[in-house]
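2 protein chains.
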Amino acid sequence: MPSYKAPLRDIQFVINEVLDTENLYAGLKGYEEATPDLMNAIIEEGAKFAENVLSPLNQSGDEEGCVWSEEGVKTPEGFAEAYKQYVDNGWPSLSAEPEFGGQDMPNMLGIVINELAGTANWSWLMYPGLSHGCIKTLEAHGSPEQKAQYLPKLVAGNWTGTMCLTESHCGSDLGLLRTKAEPQADGSYAITGTKIFISAGEHDMSDNIVHIVIARMPDAPEGTKGISLFVVPKFNVNEDGSLGERNGVHCASIEKKMGIKASATCVMNFDGAKGYLIGEPNRGLNMMFTFMNTARIGTAIQGLAHAELSYQGSLEYARERLAMRSLTGPKNPDGPADPIIVHPDVRRMLLTQKAIAEGSRAMLYYLAQLGDIVDRGDEEAAKKADDLMAVLTPIAKAFVTEAGLEAANHGIQIYGGHGFIREWGMEQIARDARIATLYEGTTGIQALDLIGRKVLGSGGKLLMGFTEMMGEFVEANSDEAYAEFTGPLATYKDEWLTMSLEVGGKAMENPDEAGAASVDYLMYSGYVVLAYFWAQMAIVAQKKIAAGEGDTAFTKPSS
Amino acid sequence: MPSYKAPLRDIQFVINEVLDTENLYAGLKGYEEATPDLMNAIIEEGAKFAENVLSPLNQSGDEEGCVWSEEGVKTPEGFAEAYKQYVDNGWPSLSAEPEFGGQDMPNMLGIVINELAGTANWSWLMYPGLSHGCIKTLEAHGSPEQKAQYLPKLVAGNWTGTMCLTESHCGSDLGLLRTKAEPQADGSYAITGTKIFISAGEHDMSDNIVHIVIARMPDAPEGTKGISLFVVPKFNVNEDGSLGERNGVHCASIEKKMGIKASATCVMNFDGAKGYLIGEPNRGLNMMFTFMNTARIGTAIQGLAHAELSYQGSLEYARERLAMRSLTGPKNPDGPADPIIVHPDVRRMLLTQKAIAEGSRAMLYYLAQLGDIVDRGDEEAAKKADDLMAVLTPIAKAFVTEAGLEAANHGIQIYGGHGFIREWGMEQIARDARIATLYEGTTGIQALDLIGRKVLGSGGKLLMGFTEMMGEFVEANSDEAYAEFTGPLATYKDEWLTMSLEVGGKAMENPDEAGAASVDYLMYSGYVVLAYFWAQMAIVAQKKIAAGEGDTAFTKPSS
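Residue numbers (our numbering), protein chains in the order written: chain A, 5 to 563; chain B, 5 to 563.
Source of the hints: derived by calculation from the structure; they are not laboratory data.
The list makes no distinction among identical chains, and a pair is therefore deemed to hold if it is satisfied within one copy or across any two copies.
With a Cα cut of at most 30 Å, we get these calculated DSBU-like pairs of lysine-lysine:
(1) K335 with K229
(2) K184 with K260
(3) K560 with K510
(4) K78 with K260
(5) K358 with K510
(6) K88 with K78
(7) K335 with K184
(8) K335 with K510
(9) K9 with K52
(10) K510 with K388
(11) K52 with K78
(12) K229 with K151
(13) K33 with K140
(14) K88 with K151
(15) K9 with K548
Construct the complete structure from the given sequences, taking the supplied hints into account.
Put into structure tokens, the structure is as follows:
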């Protein structure tokens, strides 16, 4: 298994040299203290935790998996202990609101920490990761009493959370859901039904598990307009905050999966479990939408994580493994053969992995910053950021996870036959990466969201918000020295708009035309967005080299 | 797990309607009896065996895997029994030479039977499959005594064979191998070394296992010119053909793999094992090359198999699973939602799987027929077929296995989250398919073979042998009705030649240019070859429809 080494220099390059992070957070209310120095220090601590605590559990977690019994789910050796350290060190509260004990750091910093933890061990990250959605839901829509009751423990990490949406017959199409919520005399609801694919639905890491559940009330309208949202704790919570009796929600079994085997994917039975309505009745799906962008960026991180991890593993192997001679003459004349990194096709695969990992990192950090602007920026800036997020999020989620899977596949291929053998760890990365294009909205769902709701739905306006930025960037870097980056970018920008118009025109005749083009359209969009971020990184590096500034060992292309 | 249904109509269409099989075999010496009727009857029997015996063991074999102990390797429940049936029914001898008990049927028929068996259960096919290389090696290069000693039992299937090439430090670059062969007083050799990745190296299916081993004699020239070939039986064979004492070759362990888990991938220790030289000293690699094309086509079948199996599974699910409404209005108005097959992106994935499976089938059967012409045709026909095989084999091996992996991946995607769950079987197909781009020469190795040895190495002649055929086909079908197929084909043919020239030109300046382009070049070539076979199939179908002939339920496009 490749042991993870956090790419701190790459991370800092994006945060401090490519993005204008310092000025951004200096101007966002409450984030003034999130200086580069402070954030770097936190990132370095996160890197140590990821490298030293989580990475060593990645392969053993896959081998061991989770074990279900009537009493609950046992996570792999070391997982619960790692989680305890994570809580003791205050990581869960990093970017939560201060009112309930959060440290109020930018969401971007949370994304960086999730990248570190998730690259080291994605399965493990699923446990604290799912709390995020639960916390955000309660922060945004919970009553003051619900917030006071659940948030301090969730923010501290003593309790974890889940999102219970999917049922066996419905995933993407939540309008079909059957779980019932019947009003009780005490104002609570009796929740009855079976949810599947509930990550972290049951485990041995925390004292309580707080489920956010969508269900249908009696006489609710059919379809998505009759979905309400409930909070259903594993243990009921007494008024004084102590744990009360066991609620009627149980894990019936866990799934045997292709990958992320150390993450418990639970079938959850709700047998008249006590649930409490969040917000208004029948508004559940709308409430879920409020943090869907953040959740999708969180999943996009998985593509980046697995691209990075497979790249690290492949690079090391390609430098060491000897086979054949370079076609341009021996590069390791004293050895029996050359290291395979000399072979152009191996380099092609390595560079593809690298392009995906580093380009995606810039894309996702930028998106995370947009999220912070939406939360804390002035009205105009927030609106602009929100519009950019709307169009970029489906691209990021689907493209980065598809590209991450491609990178992981190259990782296997670079190892040759050894890539297929579990011991080397490369096939685990591909298995783990495979879920990312499926959950949190499949690639097809993202693609329909992009072309339908976002691009055509806004009459092209949301897309133009981004392409105009691309145009400004091209213009601001009109120096001949950058033409190799800005020239193609200008072309792609125009091509992207033309293509959007064409798809839109055909879709007016037949809506299925948009569906048929959607995934190719999304992937194309992803490559253009990736190119935009790579152009930024390349030009920043070239400017630094030209000015004789900084760290040329990092900025100069290696041979 | 999708249960396999042999696509007999598709298979017969290729054999009897697209390819001119009847006339071909009527004119090949010894194959006169291989009439369409006889071959169809055999294929139907093979389909029953695949569907009823092998398919039910596919998922259980994956779950159970193989178990190693000091005594040997236990294959999953039912595997040995299925092999016994296979032997009892005479399948191993189908396309072997009659001298040693073979039924002397065309190799193409063997390929079809392997497709059936391999689609049902690729892991299982690995056991009899590996015998093939062993038999071919002995047929071509064994002494009369060796043939008499080993071939009857191997051909009957009572014994199985292996190919022992790879060592832990060398796979693609066999020149680095270290296994030693020391001459003994009795004319045998003492073989010492460790081989890895030996499929079917040890198992519980047959009385004896015959290893074909490459090793280096003392004072052999370095590199690939010092490789000799040996036959090393698990049990020594007495003069009367009975089994003698246990030879010094043992399975040290089996690999834990991503997929094909029911296939034992063995580390084989040779501790001074008794081996017998095959052919001349130091000519081992050349001898291996004599049947490399056949072996590679055999592996290409895996891409076809997994494309077909994932397509069958996806199609069934897409017709049953309900989610969302069609963008063009409900297609299942009485149900709660439409089946997902109505969604254009799902159809795109299904059609991609189908295009890969059916196009690859035509390509591979054609290639198998070329192999039969090489073996049995007159000199001119054999030379022409050999040239076509030379250029098409690396394309078939690499492209079809890469495309098969893509199809298997779509299979997961069509199932959404369920695709990631083992129970549904779709993820197993992707795991099993993953090995095919690695073994028997990685995609990169095939791509270098294609662009380097075949295309540029022949000064373009081998490629032009195929593109001329494409040109003739386009000309022979100049009717306007077929322009949608022949038009693009004519363009691609020219583009392919131009591109080859360009790559060649750049490679003269820098050989690494060929390496850098090689895999993209190969994949492009694969799509063009696939298009050629699809055009043939489409035009045959259209001609039949136009003439009011045959089975329009099959030939007409479905809506």
